[in-house]
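Engineer: Hey, can you work out the whole structure from these sequences and the hints?
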Amino acid sequence: MDRPAAGASYQRFPRVRIRELRDDYAKFELRDTDASIANAVRRVMIAEVPTVAIDLVEIEVNSSVLNDEFIAHRLGLIPLTSAAAMQMRFSRDCDACDGDGSCEYCSVEFLLSARATDSDQTLEVTANDLRSADPKVCPVDQARAYQQALNADYDTNAGEQRGILIVKLRRGQELRLRAIARKGIGKDHAKWSPAATVTFMYEPDIRINEELMDTLTLDEKRSWVESSPTKVFHLDPITKQVTVCDAEAYTYDDEVIKKAEAMGKPGLVEINAKEDSFIFTVETTGAITAYELIMNAIMVLRQKLDAVRLQDDDSDLGELGAHLGGP
Amino acid sequence: MDKATKSASPSGAKEGDYAALRELFRPHVESFDYFLDAGLEEMLSSIRPMEIKDPNSSTILKNILHALNSFFFLFFPFAWNCFAHKGHVLPPMRDGRLGVPLYPQESKLCHLRDADPHKLVFHGEESTEMGGYFICGGMERLIRILILQKRNYPMGMVRGSFLKRGPGYTDKAVVIRCVHTDQSSVTIKLYYLQNGSARIGFWLGGREFLLPVGIVLKALIDTSDREIFTSLTCCYSDKYGRGKGVVKSLEYLVCADIDYDLPNAGKYFRSVMEGFQHYDYETVAKAVLKDYIFVHLENNHDKFNLLIFMLQKLYAIVDQTASPDNPDALQFQEALLPGHLITIFLKDRLQDWLRKSKRLIIEEATKNKSFDLNNALEVRKFLTKHTTSVGRAIESMIKIGKVNSQSGLDLPQRDGMTIHAERLNFHRYISHFRSVHRGAAFAKMRTTSVRKLLPEIEETVNFLRNLKLLAHSGIPEDLEVGYVPLSLGGAYPGLYLFTNPARFVRPVKNLFSVPGGKQSIELIGPFEQAFMEIRCPDGGDGGRKEMFPASHEEIHPTAILSVVANLTPWSDHNQSPRNMYQCQMAKQTMGFCGQALKFRTDVKAFHLQTPQTPIVRTATYNKYCMDEFPSGTNAIVAVLSYTGYDMEDAMILNKSAVDRGMFRGHIYQASYVSLFTECIDLSKKNRENVPEIFAKSVLSRDTSTAIDSDGLPRLGQTVHPNEQYYSVYNRLTGTIRPVKLKGSEPAYIDYVAVNGASSKGDFQKANIRLRRVRNPIIGDKFSSRHGQKGVCSQLWPDIDMPFSANTGMRPDLIINPHAFPSRMTIAMLLESMAAKAGSLHGKFIDATPFSSSVKKEGKHPRKPDSIVDELGPMLASYGFDYHGTEILYSGFFGTEMECAIFIGPVYYQRLRHMVSDKFQVRTTGRIDQVTRQPIGGRKHGGGIRFGEMERDALLAHGSSYLLHDRLHSCSDYHIADVCSLCGSLLTATVIRSDTQKKDKREMLGVPTVRPAKNLVCHACKTSKGMETVAMPYVFRYLAAELAAMNIKLELRLSNKSELPPSQGS
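In order, the protein sequences belong to chains A and B. Numbers in this note's numbering are just positions in the first sequence, counted from 1, shifted up by 4. Numbers in this note's numbering are just positions in the second sequence, counted from 1, shifted up by 187.
In short, the hints are calculated from the structure, not lab data. Ideal Cβ placement from N, Cα and C applies to all residues, glycine included. Careful, some of the hints might be misleading.
Said to hold, decoys possible - BS3-like cross-link-like pairs, simulated, lysine-lysine; straight-line CA separation at most 30 angstroms:
1) B/K976 x A/K235
2) A/K191 x B/K976
3) B/K785 x A/K172
Unchecked claim - Chain A side only, calculated, beta carbon under 7 angstroms to chain B, not exhaustive:
4) F32
5) A42
6) N43
7) D72
8) A76
9) T234
10) H238
Structural biologist: Written out as structure tokens, the structure reads:
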């Protein structure tokens, strides 16, 4: 591999085009960059974008059928609105407190108190029963219900927002607890991961050899188009032309190439992955919006790169520097 | 859509329909019903009346039949005690399970008999509770079903041990196990002698009696030699001249024993027959014939005919015109049912009790002149006071599984009659009740211990055998018609009809259907089965030609599988040993052991926090309501070699999946603390004097500990190792003794139950249940349902796991592809594909094995050839690859992987073997008192033995430092003082250093420096030669042991550097 002359810049200018953006879903293209960057963004989104989740639980009364650890674990997995998480402190870095929930900079207190008194009705304790000390941080279902109420968009299915079930109580059973939510990242525990799914694919570059295609009969064309498990190609019934209708549906499964070979027409289609363009799909748990997730991920990534750059300035790269600088 | 939702409902059967489950436990429950309904009365009436002769009046009191009535009431309080009385005590005891309620669960006297699920749940039981076991000392114990010889069927046997009966005996005999109507049995052996004669052998009073067959024949009925001869030879036709040999032997048979007659024989029995001491020999002999010879027959003519038949069979075996029967064949076996065992054991105990009572009464009557035998009340009072309870004997039999009886009850074994019904998971629990034990003798006989060759002897061989319990009147449904056709050198021919209880039966379809009616289900037995033509319902003829058309058909091919084996999906696609492994592993799975866990105090219970129902399941899964006790999780499994951490059956778990609750579990450990038994009873009457109670020190105001004010732990409190969790107050000494938590991991107090308080309100018995968290960690064991077990090697970060570009899914679990080629568990691959298709489609997939071999009439004329052809299009219709693979991207680099990866949900089980319970490590710790070497055993904080072979390994490597470290420095390193003059290791004596000097130093406040030891050899009286030598302490111990035997061990010390190397010490 040729080493470029010193001083040459490798800087590329990645482009992002957002195709779809909803509260908890985003689809965007990332072009003019490498797989390493794309994967770094993916990894940061899953594991390093901070959110707030219940971390400490103090159980006062628990006469439910589930044991204390189980309930604490379930509470931890409830997604909380974490728009403010970036501004919060990690409780390990917080100098205002020792992380016991007495400090507003690093923790949010929740209270839950439920007791089944109804005769034969089992009481369902859900995330909606959690009472937050900070209106900015609350279970996502509560936030959504509040939002709907605010929009006065009171449609019929608003009542179905029951929240995430924590435990069911029978008559006489009681659950009373205090919980403290803290900021954290998905690397430490999956409950802090804001991403439900983050994935990217290489944009495929599909080229049909039209000359070869024309040699196929209609039936052959049809069976070839149908050999792909996903709908990538389209056979126009009128013009009898095979076109690429949805290139991104292609899963690199090579089924069509195998089919073409089986039909004795190798090279019927040529499919290559574009090395520098990626299509991202992002889904969030609702803790933060997809937009926030992407932006925060980039911010976190930058902070990490800054940390490396600062080290570079101090010429304290150590082994890494030696590795990069070569012999 | 509609169809999908319909099939998605978890079970085809109505919810709460546990009939099929109950059917599995029927032999246990219904045999107790037999015991209560009929067996008890039958047994009592068959006990031979006991006569007591009053030594005072010397009148023989034949109060026996009459006494039977009074005795009936006499012992019944005892006998009944354990069956009925305590049963009623049960409800309040449910919570703690502390008492000794002893009665078969769900038997007729159980208060939960026929209870609906709601009532069962109300009483703190499982809604599926099937009963069939005893609650005994808080433990659930069941009586094993044991294999016995088929009753009332004469079996031809050849056994070397028959030769040992005495000179002249051969190894051939015909053996019949005769069973009385009260289920007690006497085995009669008809031995063939070298001189052509035969002897009858049976056990009585601890020894075997051998009677010449001639006198038994003559004693049974009034007969002549000619009659015996004709009846014996009636089965031979003169054409073959076969009768001659028999005629010759008959001369011996009848004539050789001519000097024996009935009264003479009776002479030998009078001493051993209980209660016949005062009768003449003839009466004794008749009683012997009645009680020991062919007890299943009433009529002497029948007995005579049977004996003739046995003789004919014996001679046929000797002639080799018939082959001996195989005692290991199911054909000649039946089951010992729990109710029958209780019946015969109770009979034995009652007879024993009668004997003892008689002796006591006679003793009492000789001592105490006023003791009136006619006064029933007085006798009863006396016996209540002086005899032990019969119920106690049965209780202890159930508790320890030992049948304590002089006669042995004609059973093949005395130990291990009962076992603990472990509720580790439902598979294990069911298999306890379904297993038929082959007998302790057989279990010992297993010669090979190669793991792969071991058959599952007692657990899965229990093919779906239904045990029919009671014969019905008229023509019974389960009549077994065993027609053994005439053959030369084959089985001895005959037509045998069996209607008796305790036979194995199983249902098959009868093809000779009643005109107009449907094909009927017939119950067939193992004896007739051997001579029947039963075909598999695959539509083929099974290789039968038109000569022998099939008369019966299996209901489903899965009938060959046990309950547990039936739960393996597509087991017909697996290599068979893998299915065996799965059967073993299913019973070690950590799952839902019970819904009523909260009310139970099992010593150890495993509990999976978030179990799931399998997507791919067999028909049996629904049939037996396994959803009540799920035992695993549908994990997304990727088959690839990813990090190197999945080598050699290791598996990588996704850390985030574990964070979200996959395979999380708990161990519940209950301990029963009774301070009551620890007390020394000073005065028996005053039970309040017991010195120890639960209490907390009044002085302690500390509320931070786990101990509450009553001395018992607080609920929900975390207790750390070596932390106190309950405290005991001793009233005599006034001291408080706190009890610390053992082990090396924290526990939570889950449940505390107090059993009974004294009048002052003090607690002495408590049940404390601890809960320990067992989240998956490196080293825990997991397995799929196909015998593919593995150990978790890493909890791998989610972001580093490979991911699918389409769905963004990361696998929960990664296994290595090398797990498949040699093991050939194709069903696991099928399961992965099927579960993927099923979860996309939103329905459960039926994976019943052999279902492709069942012919379906008119349905799907062109069925897909293989399951893959069925599943592939399903996957493809959802845009997935036809073969269940997906393109994955590396989690590290974001690059596409070279080849497509097989990925899909597989039902994984977590096995109960967890590192936290197993790891063993120590640096220093407790040592053995004698040898000063580290102790062994994990429980005591000991180390793993560094043994001889390990030593050899280090020697081979030449790593002497390590060797020295292991075997000396870290073991019993010792510096001994040796006298180099006399070479003795033991004579070093310490001379006390100047005490004044020491005192002075102390007074001055100067730190006391330990003065150099002043050692003197006791033998040489000098300190000149004293040297210090490092050696293992055991060596010194050896010297001391040798000295005790008057052997002196002498060491020659030398400084190596001063000596030429050749001389060495």
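Engineer: Could you check the structure against the hints above and give me the numbers of any it violates, in ascending order?
Structural biologist: Hints 1, 4, 8 and 10 are the ones this structure does not satisfy, whereas the remaining hints hold.
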